[in-house]
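Colleague: Going down the list, the sequences are from chains A and B. When you line the first sequence up against full-length UniProt numbering, it's residues 1 to 258, in that order. When you line the second sequence up against full-length UniProt numbering, it's residues 1 to 258, in that order.
These are calculated hints, taken from the structure and not from any lab test. Just to be clear, a hint being listed does not mean it is correct.
Unchecked claim - Here are the computed lysine-lysine pairs in the DSBU-like style, where the Cα-Cα straight-line distance is at most 35 angstroms:
1) K136(A) to K76(B)
2) K120(B) to K43(A)
3) K239(B) to K179(B)
4) K222(A) to K147(A)
5) K120(A) to K120(B)
6) K179(B) to K120(A)
7) K239(B) to K120(A)
8) K120(A) to K253(B)
9) K120(A) to K43(B)
10) K179(A) to K120(B)
11) K253(A) to K120(B)
12) K253(B) to K136(A)
13) K76(A) to K136(A)
14) K179(A) to K38(B)
15) K20(A) to K253(B)
16) K76(A) to K136(B)
17) K120(A) to K136(B)
18) K76(A) to K222(A)
19) K120(B) to K20(A)
20) K179(B) to K76(A)
21) K179(B) to K253(A)
22) K38(B) to K136(A)
23) K136(B) to K38(A)
24) K179(A) to K253(B)
25) K205(A) to K120(B)
26) K253(A) to K239(B)
27) K76(B) to K120(A)
All values derive from a computational prediction rather than experimental measurement.
Here's the letter readout for the chains.
Number of protein chains: 2
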Amino acid sequence: MSFYKLTLKYNGHRYQGWQKQPHTELTVQGQLNRALAKISKSKEVKTLGSGRTDTGVHALAQVVRVEIPLVIPPEKLVRALNSNLPDDIECLMAENADENFHPVFGSVDKTYRYIFALGKRRDPLLNQQITFMTRKLDIEKMEEACKLFVGKHDFADFFTVGTDVATTVREIFSCSLTKMEATGFFHDLCPEYFVFEVTGSGFLKQMVRLMVATIWNIGEGKIDAASLAESLRKPDGNKLAPVAPPQGLYLTKVTYNS
Amino acid sequence: MSFYKLTLKYNGHRYQGWQKQPHTELTVQGQLNRALAKISKSKEVKTLGSGRTDTGVHALAQVVRVEIPLVIPPEKLVRALNSNLPDDIECLMAENADENFHPVFGSVDKTYRYIFALGKRRDPLLNQQITFMTRKLDIEKMEEACKLFVGKHDFADFFTVGTDVATTVREIFSCSLTKMEATGFFHDLCPEYFVFEVTGSGFLKQMVRLMVATIWNIGEGKIDAASLAESLRKPDGNKLAPVAPPQGLYLTKVTYNS
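With the hints as constraints, model all of the structure from the sequences given.
Modeller: Right, here's the structure in full:
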């Protein structure tokens, strides 16, 4: 068997998340496995992603461990994959990998971005890529509140049960909110937007979307920063906000030591 | 009956063009008429667009004349439409209009933009909005060739038969190609792209897509600028290129005197 490390970019809009499922091929992993089986002419295909993005969530750089019974130069594997994957999944890079390479436990940190824009509740051309909303938000308060996430905390209140986890403690290395202005053609599509960016040791199910939604509630004055600090200090099983919509979320980077 | 002038933004990806059709509601005008019929509780709804965008073609500002048996403040009509239109069609503005307002013959000029990017043949996140391709193009040559379109010409070789027209002569006021660099989040999606922009008195069926495709062929060295000049001087019924794909095309502006 040969081992490869793939980097994938995908639009999660059409898919029921990353994770393959028995009843549908409409998952990103399902599509990848189908393409790999075709390329290697074998059913002996195994893949493992760095994280399970949810339905509608995108990736700019999802990292995947691939095990297939085929020796192929990495750049040829990229071309073969892009010929066999649907248009909303792209293989950016393939590298030969060590058999022991583990995309989840081997990672040093992961970065997610959440993109949202204010002033209207939707946009015909960017609805799949950005979450639009009409809430009135105090951006300074939100920028401040982002800092509370940094450090090692028990994220039990920022976690949707569904995956077995040994612990709900995670370390956040950085978390910020930035107002951005678009230029050129993209300015016509969306002149101003916000980027919530968080880098951490790992993330629980729907953790980023619960973090973003909590920051929105702080910006709207529905809850204060002290409630967030308290929830991180001593989780009580109560979430501070409903889960934010998936279409603004991107897995943007996974870092490995080697 | 009341008359309104609407400005619509839409993603043409899902639709069989602007023009309503008897056998499907999947046209932009079909969706608009359905929404207007619901709002005015009447089948006496008439709409007329400034131009018939094709399947997959977008609009940043399509102008539409609306005739409905309902008196409603324009800002309320905007809200009612956005509650009843699908997410890929947005009403940006409504104004009271004179009964004699004609969105086609009343317009002074129209502007279209075509957005494309080089270096790969697709992008998972922007496939609906930008045309991607791997052609090697001489951009300077293309910028120069754009100027040949400016002026009054017989565009018979830049026209797909299908609509009755009195003449194939049209006047182009400006035509340019510009290389752009994206910033921020959009830079991650598409760092560099090209904007072909053309403003004219009016456009024939698929005229802009034939202009763009001709410019591509000049950039690739398949034809030279002299062939374009000749085709505009004396059309011979031969097209200089196949029609460019629809997903990069936007109707961006329609200007009226009043």
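Colleague: Given the hint that K120(A) pairs with K136(B), does the C-alpha gap stay at or below 35 angstroms?
Modeller: violated, 40 angstroms
Colleague: Could you grab the alpha-carbon distance between K179(A) and K253(B) and see if it respects the 35 angstroms cut-off?
Modeller: holds, 28 angstroms
Colleague: Between K38(B) and K136(A), is the straight-line Cα distance small enough, at 35 angstroms or below?
Modeller: The given pair, whose Cα atoms are some 31 angstroms apart, holds under the 35 angstroms limit.
Colleague: Starting from K76(A), check that the Cα of K222(A) is at most 35 angstroms away, please.
Modeller: violated, 53 angstroms
Colleague: Check whether the Cα positions of K179(A) and K38(B) lie no farther apart than 35 angstroms.
Modeller: With a Cα-Cα distance of about 39 angstroms, the restraint between K179(A) and K38(B) is violated, given a limit of 35 angstroms.
Colleague: Hey, K253(B) versus K136(A), does the alpha-carbon distance stay inside 35 angstroms?
Modeller: holds, 30 angstroms
Colleague: Quickly compare the C-alpha distance for K253(A) and K239(B) to 35 angstroms and report which way the hint goes.
Modeller: Answer violated: K253(A) to K239(B) is near 46 angstroms, above 35 angstroms.
Colleague: Take the C-alpha atoms of K76(B) and K120(A), compute the straight-line distance between them, and say whether it is at most 35 angstroms.
Modeller: holds, 15 angstroms
Colleague: Compare the distance between the alpha carbons of K76(A) and K136(A) with 35 angstroms, and conclude whether the hinted pair is satisfied.
Modeller: violated, 50 angstroms
Colleague: Going straight from one Cα to the other, do K222(A) and K147(A) come out at no more than 35 angstroms?
Modeller: holds, 19 angstroms
Colleague: Can you confirm whether the C-alpha distance between K136(A) and K76(B) stays at or below 35 angstroms?
Modeller: holds, 21 angstroms
Colleague: Would the hint linking K120(B) and K43(A) be met if the CA-CA limit is 35 angstroms?
Modeller: Roughly 30 angstroms between the alpha carbons, so the hint for K120(B) and K43(A) holds.
Violation of the numbered hints given earlier is confined to hints 7, 13, 14, 15, 17, 18 and 26; the remaining hints are satisfied by the structure.
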